[in-house]
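Next come the chains, spelled out residue by residue.
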Amino acid sequence: AQKVTQAQTEISVVEKEDVTLDCVYETRDTTYYLFWYKQPPSGELVFLIRRNSFDEQNEISGRYSWNFQKSTSSFNFTITASQVVDSAVYFCALSSGGYQKVTFGTGTKLQVIP
Amino acid sequence: DAGVIQSPRHEVTEMGQEVTLRCKPISGHDYLFWYRQTMMRGLELLIYFNNNVPIDDSGMPEDRFSAKMPNASFSTLKIQPSEPRDSAVYFCASSFPGLPGANVLTFGAGSRLTVL
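Residue numbers (the numbering used here), protein chains in the order written: chain A, 1 to 114; chain B, 1001 to 1116.
Since the hints were derived computationally from the structure, they do not count as laboratory data. Every residue gets a Cβ at the ideal spot worked out from N, C-alpha and C, and that includes glycine. Some hints here could point you the wrong way.
[Unchecked claim] Below are the DSBU-like pairs computed for lysine-lysine, each with C-alpha atoms no more than 30 Å apart in a straight line:
1) Lys1068/B to Lys38/A
2) Lys3/A to Lys1068/B
3) Lys1078/B to Lys101/A
4) Lys1078/B to Lys3/A
5) Lys3/A to Lys38/A
6) Lys1024/B to Lys109/A
7) Lys38/A to Lys1024/B
[As the list claims (entries may be wrong)] Examples of chain A residues lying across from chain B (beta carbon under 10 Å, computed):
8) Arg28
9) Ser42
10) Gly43
11) Leu45
12) Val46
13) Asn52
14) Gln69
15) Lys70
16) Tyr99
17) Val102
[As the list claims (entries may be wrong)] Estimated spans, in silico, between C-beta atoms of each pair:
18) Gln69/A to Asn1051/B: 35 to 45 Å
19) Pro41/A to Ser1007/B: 17 to 27 Å
20) Lys70/A to Asp1056/B: 24 to 34 Å
21) Gly1098/B to Tyr64/A: 21 to 31 Å
22) Thr1038/B to Lys70/A: 25 to 35 Å
23) Asp18/A to Ser1066/B: 41 to 51 Å
24) Gly1016/B to Val84/A: 20 to 30 Å
25) Ile1055/B to Lys70/A: 23 to 33 Å
26) Val24/A to Pro1054/B: 25 to 35 Å
Construct all of the structure, not just a fragment, from the sequences and the given hints.
What follows is the structure, encoded as structure tokens:
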């Protein structure tokens, strides 16, 4: 069984603040993939990043960065200098055991206030 | 590429009516997924196909739901008869072949279903 927990339901920050979205996952498999997707107000889900369980290197892409820690089963997402366009619902997701079934967390709604 | 195309974008129907949602995946993608999104349950995987064959339909809520993929470029999700609790946004997603479990999903815009 696989499970993804996003404990933060909603977060509000003022523009230019940094914000971290938490993601904790559960799986018994040693091979798995973690994902983050963004769902802006328009409704369509957009892929942001994928990490595999054998690569714990943190990743940075512009203002976005991801911290993967197997010891705590976490895959957190940080937005630096947030902007209004970052306002969206962000989903963490997991697939494991070599299966294509992707399990999503419940999402964190981020509101960036100008 | 036009992306994953879903229709209709919005559907309002009355309880008991049949509803058919349609999806055209990205050409070359051999996996197709149907998800349902509600406030209460979040994003739920209903069923997914590989090369037009249903692989896992364990998420299909009940016999009122059925899904088909007659060819690589078309899939349908049918609800018959529909009930108010089926009101949700239904997403179709597709992905191309890759390492097992590593597939990145490309989602369609979703079909918002309201059952009165």
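Cross-check of the supplied hints:
| no. | hint | result |
| --- | --- | --- |
| 1 | Lys1068/B to Lys38/A | 28 Å, holds |
| 2 | Lys3/A to Lys1068/B | 28 Å, holds |
| 3 | Lys1078/B to Lys101/A | 21 Å, holds |
| 4 | Lys1078/B to Lys3/A | 28 Å, holds |
| 5 | Lys3/A to Lys38/A | 19 Å, holds |
| 6 | Lys1024/B to Lys109/A | 29 Å, holds |
| 7 | Lys38/A to Lys1024/B | 22 Å, holds |
| 8 | Arg28 | 14 Å, violated |
| 9 | Ser42 | 8 Å, holds |
| 10 | Gly43 | 6 Å, holds |
| 11 | Leu45 | 4 Å, holds |
| 12 | Val46 | 8 Å, holds |
| 13 | Asn52 | 7 Å, holds |
| 14 | Gln69 | 20 Å, violated |
| 15 | Lys70 | 16 Å, violated |
| 16 | Tyr99 | 6 Å, holds |
| 17 | Val102 | 6 Å, holds |
| 18 | Gln69/A to Asn1051/B: 35 to 45 Å | 37 Å, holds |
| 19 | Pro41/A to Ser1007/B: 17 to 27 Å | 21 Å, holds |
| 20 | Lys70/A to Asp1056/B: 24 to 34 Å | 27 Å, holds |
| 21 | Gly1098/B to Tyr64/A: 21 to 31 Å | 22 Å, holds |
| 22 | Thr1038/B to Lys70/A: 25 to 35 Å | 32 Å, holds |
| 23 | Asp18/A to Ser1066/B: 41 to 51 Å | 47 Å, holds |
| 24 | Gly1016/B to Val84/A: 20 to 30 Å | 43 Å, violated |
| 25 | Ile1055/B to Lys70/A: 23 to 33 Å | 28 Å, holds |
| 26 | Val24/A to Pro1054/B: 25 to 35 Å | 31 Å, holds |
Hint compliance for this structure: hints 8, 14, 15, 24 are broken, all remaining hints hold.
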